[in-house]
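Undergrad: If you want the building blocks of each chain, they are given just below.
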Amino acid sequence: AQSVTQPDIHITVSEGASLELRCNYSYGATPYLFWYVQSPGQGLQLLLKYFSGDTLVQGIKGFEAEFKRSQSSFNLRKPSVHWSDAAEYFCAVASGGGSQGNLIFGKGTKLSVKP
Amino acid sequence: GAGVSQSPSNKVTEKGKDVELRCDPISGHTALYWYRQRLGQGLEFLIYFQGNSAPDKSGLPSDRFSAERTGESVSTLTIQRTQQEDSAVYLCASSFSGVGGTEAFFGQGTRLTVV
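Quick note, the sequences are listed as chains B and W, same order.
For the first sequence, this note's numbering gives the first residue as 138, with consecutive numbering after it.
For the second sequence, this note's numbering gives the first residue as 87, with consecutive numbering after it.
Read the hints as simulated data drawn from the structure, not as lab findings.
Some clues are possibly wrong.
[Stated by the list, open to error] For lysine-lysine, the following DSS-like pairs were computed, each having C-alpha atoms within a straight-line distance of at most 27 Å:
id, chain 1, residue 1, chain 2, residue 2
1, W, Lys97, B, Lys198
2, B, Lys244, B, Lys205
3, W, Lys101, W, Lys143
4, W, Lys97, B, Lys244
5, B, Lys186, B, Lys198
6, B, Lys244, B, Lys186
7, B, Lys186, W, Lys143
8, B, Lys205, B, Lys186
9, W, Lys103, W, Lys143
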């Protein structure tokens, strides 16, 4: 069965520092992978997605993620964190679309940003 | 519509009463998902529709929970004989199923409080 693990429940970084949020997935075939962000009082917003092709994907708000099949990982990175990035981040995996397009989410990583 | 719409946005109900939560997906989206998010928790998958059928309802926590979808459009999640542990935000998402079509767009959620 598909599953997603986000090992870090809560991370605190200083503003301007770099960020990496970890995501590991379990899926038998090539997965579709996503990162969503949920800001306080806001809905879920898609940051970026990987379907195929280049394993380094760029998203909105300066985020990027790298798909590493050998490590079953899809870690989210940002070179310089802004205070407005404080939010909860969810990694998700889907099977290959069509009638199998279920989405499974990790439990999330809460990001706090120190001034 | 422009986005996924959920109603009501907030619902307070007495323990033991039935509630209905509504989701209007983005027009043309054939896949529809329901998730539950308890306070401070991640997204818990409930059920997934492809068209009007539900190939995966494995996440429904008990027989008090049911969902239906008609006209490949609106979906209703019904919780019978509500319990306090049902208190959560219920999120609906939709996606256009097809090649690479599993990007899901989320509604703002219905915050259910059982008192």
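Undergrad: If a hint holds in the structure, say so; if it does not, say that too.
TA: Hint check results:
Annotation: proposed proximity of W/Lys97 to B/Lys198 is violated, straight-line Cα distance about 33 Å (limit 27 Å). Of the supplied pair hints, the one linking B/Lys244 and B/Lys205 holds, its CA atoms being roughly 20 Å apart against a limit of 27 Å. The straight-line distance between the Cα atoms of W/Lys101 and W/Lys143 is roughly 24 Å, inside the 27 Å bound, and the hint therefore holds. For the hint linking W/Lys97 to B/Lys244, the alpha-carbon distance of about 25 Å falls within 27 Å, and the restraint holds.
With a C-alpha separation of about 14 Å, the suggested pair B/Lys186 and B/Lys198 falls inside the 27 Å cut-off, and the hint holds. Pair hint B/Lys244 plus B/Lys186 holds up; C-alpha atoms about 18 Å apart against a cutoff of 27 Å. Between B/Lys186 and W/Lys143 the CA atoms are separated by roughly 25 Å; this keeps the pair inside 27 Å, and the hint holds. Restraint check: the Cα-Cα separation between B/Lys205 and B/Lys186 comes to about 14 Å, which is no more than 27 Å; the hinted pair holds.
Our distance criterion of 27 Å between C-alpha atoms is met by W/Lys103 and W/Lys143, whose separation comes to about 23 Å.
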